[in-house]
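Colleague: Modelling step: build the complete structure from the supplied sequences, incorporating the hints.
Residue strings, one per chain:
There are 2 protein chains.
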Amino acid sequence: MILTVTLNTALDLTYRVPSLRPHSSHRITEVIERPGGKGLNVARVLAALGHPVTVTGFAGGGTGRALRTALAGLDEAGPLTDALVPVAGATRRTIAVVDAATGDTTQLNEPGPLVSPAEWNTFLERYDALLPTAAAVALCGSLPPGVPVGAYARLVRAARAASVPVLLDTSGEPLRRGVAARPDMVKPNADELAELTGSHEPAQAVRETRRRGAHAVVASLGPEGLLAVTPEGRWRAAPPARVSGNPTGAGDSAVAGLLSGLVSGEPWPVRLARAVALSAATVRAPVAGEFDAGVYAEYLELAEVTPEGPAD
Amino acid sequence: MILTVTLNTALDLTYRVPSLRPHSSHRITEVIERPGGKGLNVARVLAALGHPVTVTGFAGGGTGRALRTALAGLDEAGPLTDALVPVAGATRRTIAVVDAATGDTTQLNEPGPLVSPAEWNTFLERYDALLPTAAAVALCGSLPPGVPVGAYARLVRAARAASVPVLLDTSGEPLRRGVAARPDMVKPNADELAELTGSHEPAQAVRETRRRGAHAVVASLGPEGLLAVTPEGRWRAAPPARVSGNPTGAGDSAVAGLLSGLVSGEPWPVRLARAVALSAATVRAPVAGEFDAGVYAEYLELAEVTPEGPAD
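Residue numbers (the UniProt record's numbering), protein chains in the order written: chain E, 1 to 312; chain C, 1 to 312.
What the hints contain is simulated information worked out from the structure, not anything from laboratory work.
Counterexamples of contact, computed for chain C against chain E with all Cβ distances above 10 angstroms: (1) L49; (2) G50; (3) L74; (4) A83; (5) A88; (6) V149; (7) A158; (8) A162; (9) E173; (10) G294.
Partial selection, computed: residues in chain C whose CB lies under 8 angstroms from chain E: (11) V31; (12) R65; (13) T105.
Note that the structure is a prediction, hence the values are computed from the model and not measured. Ideal placement from N, C-alpha and C gives every residue a C-beta, glycine not left out.
Modeller: What follows is the structure, given as structure tokens:
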């Protein structure tokens, strides 16, 4: 199975309103409620592709209960196992308010629950117990309060000690420390790369990220697609045409594509094609974070993966 | 006990953000979660004043569970009994986004759950069984989808048949039909009065509301206070000075004051003083919908209740 870690899970709510006007009252015309947090998004896509996947991290309170109930429903659609660790605090909500008039989204994110040292230790035991049966592990998203800032470095080291390929997708100081622990892959976007390295030039920032410890870097550069620099070579990967729609979850779908290709033993160009096609299929789906299976199949054929010579 | 009916209960969330900017992302700095819906607000104030109170209406889903857990916590602070009827659908959330920079509030209200005919019948059985032990009943707020628009008329008639004084606080067509069933009291605000009668002149609109069936009308006119026209006489009631703060829940506190005075056998001027003082104490409280006990005690002495001659 593939293991995904979401320390700061979320109950994602999408509210559609006719038009968002600050300081007035709005009747919401449509409410969509889904389990969220980057690692859960990755897991949902992997399960839909048929990969057995286990999710861990934290969940608590009434929102955590709602999240786990929804995950149990997802399991009927794909092979997804819930190995989340209970916490006393409540799982956060995130609210995306979609203005039906303009299509623009206003995001409201609750803070995560405070995780106690005992809860963190319980999670570490659970993680270390799951690792030996994992074909790959993805560490995704922000850290809730109380989790040590070096958390991902600890989790990367454990995965490498167990010889399980590990992908890290986070930002800020947790990313900086995680990269130093030498993960197999990181998938930063342009902002995260710039914050990590101080460079706004992607090729240079990717080089610096590898120098700091990441074996492979797959940078997601928005509509320009992916830049991958790996021990096996360098590639650019992009959809055949600019894709319009809702980019929410597109990065998580790219992570799912990379892991799907990895555990299937595919070479980098196939992994990158899956990542680009899933990403585009997510942007094109009517519901944020879902992916359109027809678009995925079509773009898997059409994705343009171009070698850029050997790694530095 | 006093019975309050909240057919469209809500889990009320208050989010504080540094500054609300549409189409951008916000980190919420403070989350407050409370049981809501007008009848529950009324009940919370009555319980805090020491009146035994029973709440009924509908609750369902994870949000309904969170609401009932919070109500059980309130019971420790005052004599509040939960007689809510379970529904398959989920209790709605309401979200008040408070802009810390300006103090302004942006309100997002989910639609209520769809109530089935069987659930409505179960509620009616519960209501009819509770009526004989009630000293007074308050029917508060909007109707969720599926509940017949004549619902309040049905509930008013049952209360009158059981000789239980009944107060109605709603709007639109449910108010229009409820008034025709001859409730003992209605507590419309200026907008609700105007919508019901077509008149923007409060004295005239109140007269018309009584002609349509309400025995007593207590109109809440914002900072101008209350205008009461009853079979026992007419009064104006207002705080001694303009009160500034958050008006959320002030109308519900006024209803609690009227009921508190009624079940204590107080004459109208005392009931109105309680309503005005609780309303002002709610506006002045730091948390929306709470009331400041010190301000209540002070304003109970200072409230100005002025006779305006006999009822028409």
